[in-house]
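Whole structure, please, built from the sequences with the hints as guidance.
Taken in sequence, the protein lines are chains A, B and C. Taking the working numbering, the leading residue of the first sequence gets 1, the next gets one more, and so forth. Taking the working numbering, the leading residue of the second sequence gets 1001, the next gets one more, and so forth. Taking the working numbering, the leading residue of the third sequence gets 2001, the next gets one more, and so forth.
Calculated from the structure, these hints are not laboratory results. Fair warning: there could be bad hints in the mix.
[What the hints assert, rightly or not] List of simulated lysine-lysine pairs, DSSO-like, C-alpha gap at most 27 Å:
hint : chain 1 : residue 1 : chain 2 : residue 2
1    : A       : 208       : A       : 58
2    : A       : 111       : C       : 2021
3    : C       : 2277      : A       : 201
4    : C       : 2207      : C       : 2322
5    : B       : 1164      : C       : 2089
6    : C       : 2129      : B       : 1164
[What the hints assert, rightly or not] Beta-carbon label-pair distances, calculated as ranges:
hint : chain 1 : residue 1 : chain 2 : residue 2 : range
7    : B       : 1023      : C       : 2020      : 42 to 52 Å
8    : B       : 1108      : C       : 2011      : 48 to 58 Å
9    : A       : 202       : C       : 2288      : 42 to 52 Å
Ideal placement from N, C-alpha and C gives every residue a C-beta, glycine not left out.
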Amino acid sequence: MGKEIILHVEGLRTEFQTERGIVQAVNNVSFVLHRGETLGIVGESGCGKSVTNFSILKLVQYPPGRITDGTVLYNEKDLLQCSEDEIRTIRGKHIAMIFQDPLTSLNPVIKIWVQIAEALRLHQGMSKKDAKAKAIELLKLIGIPDAEQRADNYPHQFSGGMRQRVMIAMALSCNPDILIADEPTTALDVTIQAQILEIIKNLSQEHKTSVIMITHDLGVVAEMCDAVCVMYAGRIVERATIDELFYDPKHPYTIGLLNSIPRIDQDSEEHLHSILGAPPDLIDLPIGCPFQPRCTHAMEICAYKSPPEFSMGGDESRTVACWLHEKEHAHG
Amino acid sequence: MEKPRILKNGIAIMGLVIILLYIIMIIVSSFWLPFDPSEMDVKHVLESPSFGTGHFFGTDEFGRDVLSRIMKGSSVSLIISISATALGAVFGIMMGIWAGFLGGRWDNFIMRIADIMFSFPSLLMAIFVMAVLGENTYNVIIAIGIIYIPQFARISRGAILSLKSNEFIRAARSNGAGNIYILFRHLLPNSMPPIIVQVSLSLSVAILLESSLSFLGLGVQPPEPSWGNMLSSARKVMMIAPWTAIYPGLAIITLVLGFNLLGDGLRDILDPRLRNVS
Amino acid sequence: MVNTDILLDVQNLKVHFPIEKGIIFKRNAGWIRAVDGVSFSIRKGESLGLVGESGCGKSTTAMTVAQLQASTAGKVFFEGRDLSLITPKELRRERMNFQIVFQDPYSSLNPRMRAGDIIAEPLRIYARKKIISISKKEVLEKTASLMDRCGLPSSSADRYPHEFSGGQRQRIGIARALSLGPKMIIADEPVSALDVSIQSQILNLLKDLQQELDLTFLFIAHDLAVVEYFCSRIAVMYLGHIVETADSKTLYNQPIHPYTRALFSAVPLSDPRSARKRKRIILEGDVPSPSVVRAGCPFMDRCPDVMERCKVETPTLSNLDKNHQVACFLYDSPGKER
Ligand SMILES: Nc1ncnc2c1ncn2[C@@H]1O[C@H](COP(=O)(O)OP(=O)(O)O)[C@@H](O)[C@H]1O
Ligand SMILES: Nc1ncnc2c1ncn2[C@@H]1O[C@H](COP(=O)(O)OP(=O)(O)O)[C@@H](O)[C@H]1O
Ligand SMILES: [Mg+2]
Ligand SMILES: [Mg+2]
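Rendered as structure tokens:
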């Protein structure tokens, strides 16, 4: 397909040095993001979603964190080789981020409009007056009532949902190419979540922004994304288009995950399917497949050899890291 | 049997060793001292430390043996520091728990009293108490203890308040547990870490406060030796006989360090979250 | 009439928290109407789900039902006894019958107690108060069997909470709640803090226990799908009021109240095809503060179908049919027969 690749992550590895040992938080993660696409990264807490996203923008704190390997190609430039100055101009202006907690990401003692305007002035060199006008315009865009008056408020006078909308306004103020949203609605209620997702969807469509949507909620993925990567224990275990993932999942973990969510639209008299055990400790991962101890289909090979990502039918965008699917790969 | 946890913690061991050394010194000094600490000897005034004369730490301006005086003074310093901390801790923790646990009006009332006490600089407060009560060793204990009460009250109240909102307290209530049970079973054990840190800090600050008071002539009265009044009298001869100031100073520093190390180590040991981590 | 089938009956419950101002001289600057006239009842063996957005008063309702929070008005009947009229001693005895499972698997367990002691604590308290008689050995046996039943390895009895994962901690909390053999479990968001793969394990455990021990549940969650799965009947709360109750199938198939409809349509569907097809109702604005006194329906400022009448009168729950109640003037207008 002739879709333009905007971000290409290849072989990313990030580890944390801790007292108990080395945490392999991101373990050989690769993916591509196309222009205008919304890519979901989904997985349970602690599987390395946030660290992946921090690594892309070199926001991993050293110590204890270290990006040990990989490339992140954006506009033919490897972000991981960029100097601190270069990457700073990319952050915010070309690749923007919104986080889970909208309270701690805003400065509590600075007025809302000033915080929005700061980003504009920093990256676009706007005058103070223009920036204020633009900030108010943005507030209107994201549906804050009485934007002129509310612009002078402080963050604590805004509700959680409003603060998250402000974060989105700030992130999108400079028309970034890529928006990374790290669990943007996890802290919010469903009706507010619906508002926020709608705003992200509309704004990204309008501006042709590519979105990386990080979430643990498969429902959010189904509503928002075009393609998905499923992460488990620091690796991508399955990648697929949205329909492939939901209607033809391959990896036992993905299948288990899909079956274990209670469906509101389904009758559920019987038991929920559940995956036994708990996600592994990223410190001493088993040498084989990380999912093997919980897997009901585990074979001999799974215990001692970690599966590579097999592409299904030769399609690079449809991969499964599971020995069960080795054959399909060979046939393709 | 497993090694007691304290022996696995290097920092705590160092603190413990320092404090044990002092305790041994106090025990030894109670029945044997190299010289009589208050015997003046005009022939050996301001002698520098030497093995030949037996004055390992030299002598002061009255010819008294500095080592013997430090040893004698150590028991005074340690007793003052422990008693004052105990005094402050007992009353302060009682106040703090009472305030934190009962909340409302009591909390308000108790904590405002603590605030008022807290608003005086500690040394000034100590000087004031000493001036009112008169200058002797017991009153030093009372003065320092009074300074500590609001500090302990605040720390323990804070700990109780932050614990009170935990759901395990609610769980206990839903299981019919009464106030006293909750206080002793759930609240106190969990508020120990900050209190223990405060205790170790207080022990060391008490030594400094005692020294300051004695240095100002308000604390332990000569001829009874204390590290503070030794420093005070060394002031006049420090330039020609530095050992008269250095050794009592070192004694203060090492004991203060010992308490701080022990406190730091204990905090880690008492936290079950840091236990059994391989 | 005393209906022997009804285990818990809550009538017009109100819980108002004072807003205090001033440092030395506290004065009352208003009230937070956390729960403002809530009525419901739960039959034996039934599981009633209480859903609603955060701050709508679910936990406050639960804690008041559990007699851990004083009510401002209203009554709570357990097996026909008014819990506000009994003596503290009787209340303690009564507490054995309703136990709580908390949301936060971290703060609900004392970090300084071992798992076995946490589970045995209720037994020990009641033994000490001479309400039950149980020997030390029996306590240990009971603890071991509870741990086993809740899927905890018996070897883990002397481990501390931090050595367990979130899901296992929640199992400890469940074992503790079961130790006194309660008739009713009040579960306040028991799976909200857990990952999906763990969440389903806990839901299955609770469901098994319900069948085995014939438990009645007051089950609180903000996740509609979870409540739909677990509960036979659902009550939807908004701003301290119950706006609609029905059995879960009816509520899902025919939500009536505009808020319930919006709530259901806001739930992200784990099914991209139907997600693309459906038209979502996106509510405007946020939940208003429960401290502002207003006349009218609590939902009036976000309601897409708001009428003049909604701004002056507060609708009360009325029967659509035997198992379906809704508090909305759209279904209560004078022209329309119920
Ligand atoms: N600063 C840190 N120090 C040590 N380990 C960390 C640090 N940050 C993250 N980790 C570890 O990295 C793993 C992945 O974390 P994260 O990416 O935050 O997960 P999530 O998928 O929930 O976003 C986790 O197991 C976590 O313990
Ligand atoms: N102890 C309290 N003091 C004052 N306000 C409270 C207290 N507990 C709860 N509230 C308020 O009551 C309302 C309902 O809270 P809660 O019952 O916890 O909601 P939910 O469990 O549905 O999220 C909220 O506005 C909350 O701020
Ligand atoms: Mg994260
Ligand atoms: Mg709650």
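Hints, verified against the model:
1. A:208 to A:58: Holds - the C-alpha atoms of residue 58 of chain A and residue 208 of chain A are around 24 Å apart, at most 27 Å.
2. A:111 to C:2021: holds (25 Å)
3. C:2277 to A:201: holds (16 Å)
4. C:2207 to C:2322: holds (26 Å)
5. B:1164 to C:2089: The given pair, whose Cα atoms are some 23 Å apart, holds under the 27 Å limit.
6. C:2129 to B:1164: holds (23 Å)
7. B:1023 to C:2020: 42 to 52 Å: holds (50 Å)
8. B:1108 to C:2011: 48 to 58 Å: Between residue 1108 of chain B and residue 2011 of chain C, where Cβ atoms are some 36 Å apart, the hint is violated.
9. A:202 to C:2288: 42 to 52 Å: violated (26 Å)
Hint check: violations occur at hints 8 and 9; the rest are consistent with the structure.
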